[in-house]
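Here is what each chain is made of, one letter per residue.
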Amino acid sequence: MNQLSKPIWISRDYAACSGCRRCELACSIHHEGWMWPEASRVRVFMPFPGLEVPHLCAQCQDYPCIEACPVDALSSDPGTGAVIVDREKCISCGACIRACPGTVPYLHPKDNKATICDLCGGEPKCVEVCTEAGYNALTIVNEGPSIHRKLYSRDPVETAKDLAVKMFGEKGEEVIE
Amino acid sequence: MTPGGYAGKWLDIDLTKNKIEEVTYSDKMLRQYFGGRGLAAKILWDKIGDKWSELDPLAPENPFMVFTGPMTGIYPGTRICVSGKSPASMGTVGSTAATELANEMRQAGYDGVTFTGKADKPVYLMITDDGAELVDASHLWGLDGEKTLIKLNKEVTEELKKRKPNVGLWKEPGMIYIGPAGENLVRNAAVMAKLCHACGYGGYGSLMGSKNIKAVVAKGRGSLPKVDAPEAAKLLWRRTHEHLIARSNMRRVGTGYAGYSVGAETSSEPVRNWQEEWHDEKSYGGPMFETRFWVKKKWADFNCTTNCMKVSCIQTGPWKGDITDMPDYELQAYCGTNFGIFDPEANIHLSALVDQLGHSGINGPNTAAFAVELHQRGILTDKDFGFTPKWGDAMTFDKILRMMAVREKIGDVLAEGTYQAAHIIAKMKGKKPEDLLKYAVHVKGIEIGAHGTRSDADYTHDISYAASVQGGDHTSVAVDGYTDMSAAVFTDSAVFCNFTYYGVPQSLVFDFAKAITGFDINLQNWRGETGPRIVTLQRALLMMGGPELKWEPVKDDDNPPRFYEPLPSGPYKGKTTDREVVDTKLQAYFETLGWDKRGIPTKETLKKLDLADLEKNMAKLR
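For the record, the sequence lines run as chains R and D. Oh and the first sequence: position 103 is 103 in my numbering, straight run, nothing missing. So the number in my numbering is just where the residue sits in the second sequence, counting from 1, plus 177.
Honestly, the hints are just simulated from the structure, not real lab data. Treat each hint with caution, since some may be false.
Said to hold, decoys possible - A few chain D positions that, by computed beta-carbon distances, are all more than 10 Å from chain R:
#1 M178
#2 N195
#3 D227
#4 D307
#5 L311
#6 R340
#7 R584
#8 G723
#9 P724
#10 T753
Unchecked claim - Distance condition first, Cα-Cα at most 30 Å in a straight line; then the derived DSBU-like pairs of lysine-lysine:
#11 K161(R) / K328(D)
#12 K338(D) / K89(R)
#13 K331(D) / K171(R)
#14 K411(D) / K110(R)
What the hints assert, rightly or not - Between beta-carbon pairs, the in silico distance windows are:
#15 D697(D) / K110(R): 27 to 37 Å
#16 P407(D) / E177(R): 38 to 48 Å
#17 K110(R) / D790(D): 40 to 50 Å
#18 C93(R) / G705(D): 57 to 67 Å
#19 E781(D) / G134(R): 46 to 56 Å
#20 P407(D) / P145(R): 36 to 46 Å
#21 E177(R) / K186(D): 30 to 40 Å
#22 D559(D) / D13(R): 51 to 61 Å
Note that the structure is predicted; figures quoted are calculated from it, not measured. Don't be surprised by glycine CBs; every beta carbon is placed ideally from N, CA and C.
Put together the whole structure using the sequences plus the hints.
If you want it as structure tokens, here you go:
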């Protein structure tokens, strides 16, 4: 845990996401040492071309994932508010995944441990590359917890269905089955 | 040990026997041919060999290949390369498109797939971390691109979830697929991806269709392949993106503003089947597309910050709900100006239509415009079409493109591509083929991209197409037999996008290639040896050709007759491609590559490039 870090949140603007998935690459390089999209703590879903939805932990105020963990493997970082996984304790039961309103956590492809965004200790790599490229789909906001956060913890396909209508009008209703 | 950058396994699939095998290729082969276009040509030659000239490209024996390269997914701009003996040119083309299929396949542990044989019913290939399997695709056969994509996304994601329900949400797979054009063996049909991305050149959509393959999908949860020097590769990755991000105008407008400027400035945009190459139609300017239709202004594929694509959607009227990319310049030209259409909305509709039908947006529409010129010249009649075709009329081309895709009326003939259709129609109408070929804008069976050579003001010149081993392919033009070796020949073999290449120093790219593979690879040895090896092999296979088409050296190493007609309008009025320059440069091109005066690789060259096994066949051509 990093006590020195300040409270931050990764704000997301889905319509601004280009689908470059450089967030996935930067995240996995940081956490895994190499490019590994499916081991990235942020994953970009694309249920239909043009509808790209970055999917990552929203740090709900009531942390249902932490509540659900039967072995206390999850905790929140008192500095950043990120959910921290104790990989030694994790028993890969999937309770956190089921408890999450957006099904954000997943089991790591290598060791099956719960995998959740840790905000890189306060300097998220995904945001760094996204803003470097000028997309600003992911940006840092320096604000404390908000009730809105949980609304971002949502199935990405549902989010994409809304985006579809915004972008394609009536046709948007038909592009995701 | 597998060299860096390769997953290290390829799939060999015999569709007739329903047999799937994993194969590997030697280090030497990977060093000599790298991946994608190069490696595919080598494997094709190894598999087909002396029977090349007898093999019908749509016969079950012709391999259909879906390849990545060692840099795919790692170097910015993911892309897949498909190949096989080309139904359009009878040689080989490395035909690429941006799709996450490429990196997903590598994440699942495979560098590529080679299909041979023919499935007894429509199938798709599903690749996962647990291997590959053929799945019944009867329910998808006949569907257009959009419906295929929507159904496959859902079906495959659900299947993955069923198999591993506890790991969390499954992301959609990457995929390529064909539309009705590919299914109905339209000779220049595309292999499609992501609604509006296409492996367009080469006619591989028909090859896929001939084997009853509707789609290839992959989902891999592994990492991208490990590389030789990971720390260097990570640094170079950041550095490359810095260069791409600095290309502000390309990122801002893509090629979507060229529909006006190429016509008005460089006078090299096809108009009404290339009868003109100039227009100053301001209603066709970039802002007219952007302001009304672009719903996403920065659209990228995996690991790309060039984001040259922009999503377009028509929100009102009879074409409401048509979705495509910008359209990019090529389709602005081929589904717009070359039809005599200067209306952005009609252009978007026709571009979306070719995507849905699975036509190649350049090649299919080239044939459609050719047909309308034949009508203009009185060679084809209203009766052939079932209506009166008119330049500038969107419904004319809407109808022709659909007729081609389902092979209806004259569409059945046009489905053979511009060159072959010219021959068939000549026979139908009792004309000499030359009477029609003067309107056929192709080189060696491959319809030419939307950049003319007459004004000499664009990037395409005299021998750009005439000397290219991929004919009319505007992405792989011939220059001097040296500098062009490190352009598309390289990117199509390393398999990443041209538009994440230009704008990045070539030395940086080759350092990246070395960091990934560990091979002794640099700009000089690629230009002097590896590139020429690939191109010489492609040239040999192209000139072997057959069975129904054989290209004549020098005579067919030329531009279409139209490119020697004086431009009738615009700032370059009266100008034509200079035949003397073409002849001189062609000989220089041959000489640089160690080919004889007819462009047949010499015995010494073959030996030098470790292609001595071509000698017997080349001796016959000399």
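request  = Please flag the earlier hints that this structure goes against, numbers listed from lowest up.
outcome  = No hint contradicted; all consistent.
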